[in-house]
Amino acid sequence: MIRRLTLAPLCAALLLAAAGARATPLPQLWEAAQAHAPVLHSARAARLAGQSRSDQARALWRPDLVIGAAAGYADASSLTRGAQFAAPGFGSTGGVRFETDVSHARSGNWSLVLMQPLYSPQRSARQQLLEISAASAELQWQAARQNLMLHLAEAYFALALAEESLHVLRRQQQAVERILTETRDRFELGDLPVTDTHEAHARAEAVRAQVLAAETELDLRRNALADLTGIRLADGEARLPQALRQTPQTAPLDDWQARAAQHNPQWLLMEQQVAAAAREAARHGPLDDARLDLVARVGSEHLSGDGRGGSAANHGREAWAGVQFTLPLSTSGLRSAQQREALHLLDQARADRDLLRQQIDQRMRSAWLGLTTGSARVQALQAGAEASLAQLEATRLGLEAGDRSTLDLLNAENAHAAARLALDEARVQLLLHRLQLDALAGGLDEGALAWAWAQAR
Numbered sequence: 078m079i080r081r082l083t084l085a086p087l088c089a090a091l092l093l094a095a096a097g098a099r100a101t102p103l104p105q106l107w108e109a110a111q112a113h114a115p116v117l118h119s120a121r122a123a124r125l126a127g128q129s130r131s132d133q134a135r136a137l138w139r140p141d142l143v144i145g146a147a148a149g150y151a152d153a154s155s156l157t158r159g160a161q162f163a164a165p166g167f168g169s170t171g172g173v174r175f176e177t178d179v180s181h182a183r184s185g186n187w188s189l190v191l192m193q194p195l196y197s198p199q200r201s202a203r204q205q206l207l208e209i210s211a212a213s214a215e216l217q218w219q220a221a222r223q224n225l226m227l228h229l230a231e232a233y234f235a236l237a238l239a240e241e242s243l244h245v246l247r248r249q250q251q252a253v254e255r256i257l258t259e260t261r262d263r264f265e266l267g268d269l270p271v272t273d274t275h276e277a278h279a280r281a282e283a284v285r286a287q288v289l290a291a292e293t294e295l296d297l298r299r300n301a302l303a304d305l306t307g308i309r310l311a312d313g314e315a316r317l318p319q320a321l322r323q324t325p326q327t328a329p330l331d332d333w334q335a336r337a338a339q340h341n342p343q344w345l346l347m348e349q350q351v352a353a354a355a356r357e358a359a360r361h362g363p364l365d366d367a368r369l370d371l372v373a374r375v376g377s378e379h380l381s382g383d384g385r386g387g388s389a390a391n392h393g394r395e396a397w398a399g400v401q402f403t404l405p406l407s408t409s410g411l412r413s414a415q416q417r418e419a420l421h422l423l424d425q426a427r428a429d430r431d432l433l434r435q436q437i438d439q440r441m442r443s444a445w446l447g448l449t450t451g452s453a454r455v456q457a458l459q460a461g462a463e464a465s466l467a468q469l470e471a472t473r474l475g476l477e478a479g480d481r482s483t484l485d486l487l488n489a490e491n492a493h494a495a496a497r498l499a500l501d502e503a504r505v506q507l508l509l510h511r512l513q514l515d516a517l518a519g520g521l522d523e524g525a526l527a528w529a530w531a532q533a534r
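This note's numbering puts the first residue of the sequence shown at 78, with every later residue one more than the last.
Hints may contain errors.
FRET-style restraints, in silico, Cβ to Cβ [said to hold, decoys possible]: (1) THR449 to GLY475: 22 to 30 angstroms; (2) ALA126 to ASP424: 26 to 34 angstroms; (3) ASN186 to TRP138: 27 to 35 angstroms; (4) THR258 to TRP528: 25 to 33 angstroms; (5) GLY145 to LEU411: 38 to 46 angstroms.
By construction, these hints were calculated from the structure, which means they are not laboratory data. All figures in this text were calculated on a predicted structure; none of them were measured in a lab. For each residue, glycine too, the CB sits at the ideal point set by N, CA and C.
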């Protein structure tokens, strides 16, 4: 085995070490994603809007102060018959007629009204709906943040896997082309039949097609990660979780499901939507439009111009304080129609909640099973990769001794490449299953991302 050690493997090892030295840390990419990803910008804006809804809810029961003013021209006339007039020194007179008439008069008025709500079911309902909306915006922010973190990890390791797949295929291509050259040389010497050259050429073209497809896949994966982070990683900057060789410690499935019921942002968000639908359905009763307000009002009105009796003017002032009660007696069927709509929307929200719970349980069970069985799968694939390498070495020796054909060597090369890629894929899936469980339980954070990066170091 020492005689087989050449300069090429040493160079390859040095190149891989150099690539690992300049690998971009996953936590660093997360910082970039938070500043770059449009989906998080949208969620951040929605979160800030939700915080303003909390202020709106508190402001609903604060007093309103309204000022009004108007100026213009008006005509005014009034006629009173049968009035009774009495004044000191004039006695009392009945059947008196009063008449006023003003044309093209200058008119103006102003008012200042202070209104403090005391009782209003509609305001109470609006307050609760605004508070629910504010809480929902916070949950949407948490869900968007964890989804982005999970998508970042998936995109990062998908890029690393695409790079490794391309490297393996290129090494396989080099091996196949070398075998093709040797086969042609031996055919020219009469040592091999022409069918071996055809088989080697067909395999070389097949591997070449796979390499082209892998290059396209790698470019797509690199662009997908760049879309999330704004950083385009060069070849070798993404790492596979080579350090992950056994299943991370995990709790029973029931514990994960209990965590999801308490902390999963999407589930909590759906609970908020059901609560909002229930409150909306309850605010269309016959007395829900009633309101009682404490009102203070001051104002003045002025009218001056010329009439049939000469110049005329009218001035009025008002100052009033008290309580004011209003209750619409009929809405012509609008309230009952709104209530029916709200009840149906409540049924829909409850059904959507039940559907989401099923989906979360299914995804959690899938991730949990993938995690609990992943260690045995990784170990089996590790043994399979080692066995395929031993088979490849044995096939090479057999070909040199004449006991194996070129096709046997090509098949061994292909089997070893497939075994290595399957092992890498299994390790990536094992790591992602753990991150998926954390996300479903509402616990995916920077600590979990740092753990994932540690597996790739």
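How the hints compare with the structure:
1. THR449 to GLY475: 22 to 30 angstroms: 40 angstroms, violated
2. ALA126 to ASP424: 26 to 34 angstroms: 28 angstroms, holds
3. ASN186 to TRP138: 27 to 35 angstroms: For TRP138 against ASN186, whose Cβ atoms are near 30 angstroms apart, the range 27 to 35 angstroms holds.
4. THR258 to TRP528: 25 to 33 angstroms: Distance hint for THR258, TRP528 is violated at roughly 47 angstroms.
5. GLY145 to LEU411: 38 to 46 angstroms: 29 angstroms, violated
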